[in-house]
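J.: Each protein sequence line maps, in turn, to chains A and W.
Position one of the first sequence corresponds to residue 191 (the numbering used here), numbered consecutively onward.
Position one of the second sequence corresponds to residue 399 (the numbering used here), numbered consecutively onward.
To be clear, the hints were calculated from the coordinates, so they are not data collected in a lab.
Don't take every hint at face value.
[Said to hold, decoys possible] Beyond 10 Å from chain W on every Cβ pair, some chain A residues (computed): (1) P267; (2) K290; (3) R294; (4) Y377; (5) N444; (6) S493.
[Claimed, not checked] Label-pair distances were calculated between CB atoms; the ranges are: (7) A:G382 with W:H665: 49 to 59 Å; (8) W:K475 with A:G233: 53 to 63 Å; (9) A:G370 with W:G570: 35 to 45 Å; (10) W:E645 with A:F281: 31 to 41 Å; (11) A:G382 with W:P672: 36 to 46 Å.
[To be verified] With a Cα cut of at most 30 Å, we get these calculated DSS-like pairs of lysine-lysine: (12) W:K550 with W:K452; (13) W:K552 with A:K232; (14) A:K232 with W:K553; (15) W:K452 with A:K198; (16) W:K550 with A:K229; (17) A:K232 with W:K550.
Keep in mind that this is a model prediction, so the values were computed, not measured.
For every residue, glycine included, the Cβ atom is placed at its ideal position computed from N, Cα and C.
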Amino acid sequence: MAETTYIKAISDGLREEMQQDDSVFLLGEDIGNYGGAFKVTKGFLDEFGEDRVIDTPLAESGILGVSIGAALQGMRPVAEMQFSDFVATGFNQLVNNAAKIHYRWGAEVPMVVRMPSGGGVHGGPFHSQNTEAWFFHVPGLKLVAPSTPYDAKGLIRAAIRDSNPVLYFEHKYLYRREKGDVPDGDYTVEIGKGRIARAGRHLSVLTYGSMVPASLEAAEKVSNSDGIDVEVVDLRSLMPLDMDLIYDSVKKTNKALIVHEDLKTGGIGAELSARITEEVFEWLDGPIRRIASIDTPVPFAPSLEEYFMPNPEKIAQGIRDLWSY
Amino acid sequence: MTQTEISNLLEKVKIEEFQSIAGLTAEDCITLYYYMRLTRSFEMRLASLYRQGKVVGGVYLGTGNEATSVGATYALKPEDILAPMHRDTGAHFTKGADLASMALQLLGRANGPTGGKDNGSHHGDKSINTLGMISHLGTMIPVAAGAALASKIKKTKQVAMHFIGDGTSSIGDFHEGINFAAVLNLPVVYVIENNQYAYSTPNSKQFRSSWLAKRAVGYGIPGIVIDGTDVFEVYRVTKWAVDRAREGKGPTLIESQTMRMRGHSEHDAADYVPEEVKQKWEKKDPVDELVERLQSWGVLTDGLKKQIDNQINDEVDAAFDTALEASAPEGSTAAEGVFAG
Numbered sequence: 191m192a193e194t195t196y197i198k199a200i201s202d203g204l205r206e207e208m209q210q211d212d213s214v215f216l217l218g219e220d221i222g223n224y225g226g227a228f229k230v231t232k233g234f235l236d237e238f239g240e241d242r243v244i245d246t247p248l249a250e251s252g253i254l255g256v257s258i259g260a261a262l263q264g265m266r267p268v269a270e271m272q273f274s275d276f277v278a279t280g281f282n283q284l285v286n287n288a289a290k291i292h293y294r295w296g297a298e299v300p301m302v303v304r305m306p307s308g309g310g311v312h313g314g315p316f317h318s319q320n321t322e323a324w325f326f327h328v329p330g331l332k333l334v335a336p337s338t339p340y341d342a343k344g345l346i347r348a349a350i351r352d353s354n355p356v357l358y359f360e361h362k363y364l365y366r367r368e369k370g371d372v373p374d375g376d377y378t379v380e381i382g383k384g385r386i387a388r389a390g391r392h393l394s395v396l397t398y399g400s401m402v403p404a405s406l407e408a409a410e411k412v413s414n415s416d417g418i419d420v421e422v423v424d425l426r427s428l429m430p431l432d433m434d435l436i437y438d439s440v441k442k443t444n445k446a447l448i449v450h451e452d453l454k455t456g457g458i459g460a461e462l463s464a465r466i467t468e469e470v471f472e473w474l475d476g477p478i479r480r481i482a483s484i485d486t487p488v489p490f491a492p493s494l495e496e497y498f499m500p501n502p503e504k505i506a507q508g509i510r511d512l513w514s515y
Numbered sequence: 399m400t401q402t403e404i405s406n407l408l409e410k411v412k413i414e415e416f417q418s419i420a421g422l423t424a425e426d427c428i429t430l431y432y433y434m435r436l437t438r439s440f441e442m443r444l445a446s447l448y449r450q451g452k453v454v455g456g457v458y459l460g461t462g463n464e465a466t467s468v469g470a471t472y473a474l475k476p477e478d479i480l481a482p483m484h485r486d487t488g489a490h491f492t493k494g495a496d497l498a499s500m501a502l503q504l505l506g507r508a509n510g511p512t513g514g515k516d517n518g519s520h521h522g523d524k525s526i527n528t529l530g531m532i533s534h535l536g537t538m539i540p541v542a543a544g545a546a547l548a549s550k551i552k553k554t555k556q557v558a559m560h561f562i563g564d565g566t567s568s569i570g571d572f573h574e575g576i577n578f579a580a581v582l583n584l585p586v587v588y589v590i591e592n593n594q595y596a597y598s599t600p601n602s603k604q605f606r607s608s609w610l611a612k613r614a615v616g617y618g619i620p621g622i623v624i625d626g627t628d629v630f631e632v633y634r635v636t637k638w639a640v641d642r643a644r645e646g647k648g649p650t651l652i653e654s655q656t657m658r659m660r661g662h663s664e665h666d667a668a669d670y671v672p673e674e675v676k677q678k679w680e681k682k683d684p685v686d687e688l689v690e691r692l693q694s695w696g697v698l699t700d701g702l703k704k705q706i707d708n709q710i711n712d713e714v715d716a717a718f719d720t721a722l723e724a725s726a727p728e729g730s731t732a733a734e735g736v737f738a739g
């Protein structure tokens, strides 16, 4: 057991899977010699060689299409989108090709797409987006979004071993800020299972990714200032969703606040809200509320981005508002 | 018909003068005729069923394209990987696809390869190493490169082949996929079936260059233009490209000049194709041309031809009888199979 950063946990998970399974290989822009824009794959080229750590042309559709072809031939490619924003130029390969192959003719497409996501790093409109909702609507893709080093490593390993295309949303803001204990040796985190990040009795915060630490901070704040005992549910897996865990939490606290960094309209929170209303309406004693980024492109200047995004203060205020409903 | 059945047929005819063409034996020539005629007969039967209202959805035929789809894939080994397009019925058959399975697929039956979940020849078949296409043309160009990459990493010496249309040459994946294959020196052969029209759009509105094969220069790979109605030329050149790929020398772009002799789909009368263009290409029917040559060489006698044609008719009848009698999928199966495992 050692304290590890979120980014190192991803690297370690990738490396250990590559050591264990020759069919795992990496491809992406600048991932080999340079070690990746964020250095997730630093040293991998030396350890695994050019056949398994492939610097590609600047071509997202090419990277994703090549990954599909290799996966269909029994390989387990892990493709890196340098920034998840760039996946837009390879969209068709994921939503019409990778996602639909098993449904159409039964072949397995065991590929992982790493999606460095999110804002708070002043990357501007094209290096800051959360793109999970683009894919949430597409049957055949699994989506995971770890918030801790433990889950980052466990989920990258589970994603690589999965028989389906898995989009792995790794949050850039968490890369070097989030630290935690990661056990030595082989373990996975099951895709489709969330976790209770903080147990509480009064109100459920349903969240994932970067908003998990922000929500935990907010929960401490309102616990100290207002005595509100908040439960924080870390979804971890966005597709499939762990609805049982979510319903159980809402049934216990009777109040649901959904928090995500992605935009509010058409975000995953909208689906969560609809499902909770459909399935556990009688347990609610207040409206389901959402805290999310405002419906604009991600602005660049720090003051604009701060206004745009949720943060612990905004979440704490949302908790107080819903609690006092 | 199996290869042995074709060999048995050949033993009954005396071939005196024929030596070989494009490295092919008389037996190969008869096999090529079998697949091309089979493709033509199978597709004409499908078209007839469509007119009778027995086929749902679009019917995309490869009439005029048989020499390319059969000749190119005849250069592949069983372990090689093929990513066909929607007019490549002949390529499926040459690669070993079962006729009944193809008919079940085209009629959307429960026990077809997609169980009615996808239409046309969109299915792949792992047992014969074919990959299923999607309707977004060009998408499979990088996918074929990826299959070739797997071969390169695993050192299996498999070659991937993919057919591309003239219209497909305009979409971004054409560039991304071929460039990728070239840069990584992958064992893949791309065959552009330039059949002059993309739906109603003629080549003059699709690209400005005289030959699409010229684009190979930009990727640093060989580009070759061939007469796509001459099965021997198609075979000779693709065989060279396949061997080259297998030897680790990288991808080749072949432009095969053919004509789409039907509409885009069977609903389309293709009245946008000028009469003189139709007439020009009618004189170059790949199946007729092959028959004429094989007969002049004494390889295909009238008796042998009749025997093969009859057998093909029986096989096509049997395949479609099976498919017509087969059940439609149960509605609730629509909810199954989104995820593997």
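J.: According to the definition I'm using, a residue is off the interface if its beta carbon is farther than 10 Å from all beta carbons of the partner; does Y377 (chain A) meet that for chain W?
T.: 19 Å, holds
J.: Are E645 (chain W) and F281 (chain A) spaced within 31 to 41 Å by their CB atoms?
T.: 36 Å, holds
J.: Going by Cβ atoms, does K290 (chain A) stay more than 10 Å from chain W at every point?
T.: Violated, since 7 Å does not exceed 10 Å.
J.: Given the hint that K552 (chain W) pairs with K232 (chain A), test it: the Cα-Cα distance must not exceed 30 Å.
T.: Holds: K552 (chain W) and K232 (chain A) sit about 24 Å apart, inside 30 Å.
J.: Can we confirm that no CB of chain W comes within 10 Å of the CB of N444 (chain A)?
T.: Holds: least Cβ distance 33 Å, greater than 10 Å.
J.: Checking a non-interface call: every C-beta of chain W should be farther than 10 Å from the C-beta of R294 (chain A). Is that right?
T.: 4 Å, violated
J.: Keeping to a limit of 30 Å between CA atoms, is the pair of K232 (chain A) and K553 (chain W) held or broken?
T.: 26 Å, holds
J.: Is it true that G382 (chain A) and P672 (chain W) lie within 36 to 46 Å of each other by Cβ?
T.: 58 Å, violated
J.: Evaluate the condition: distance from the CB of S493 (chain A) to the nearest CB of chain W exceeds 10 Å.
T.: 37 Å, holds
J.: Would you assess whether P267 (chain A), listed as outside the interface, keeps its beta-carbon beyond 10 Å of every beta-carbon in chain W?
T.: 8 Å, violated
J.: Starting from K232 (chain A), check that the Cα of K550 (chain W) is at most 30 Å away, please.
T.: Holds, at about 24 Å.
J.: Run the distance test for K452 (chain W) versus K198 (chain A): straight-line Cα separation, threshold 30 Å.
T.: 59 Å, violated
The structure is inconsistent with the numbered hints 1, 2, 3, 7, 8, 11, 12, 15, although it conforms to all the rest.
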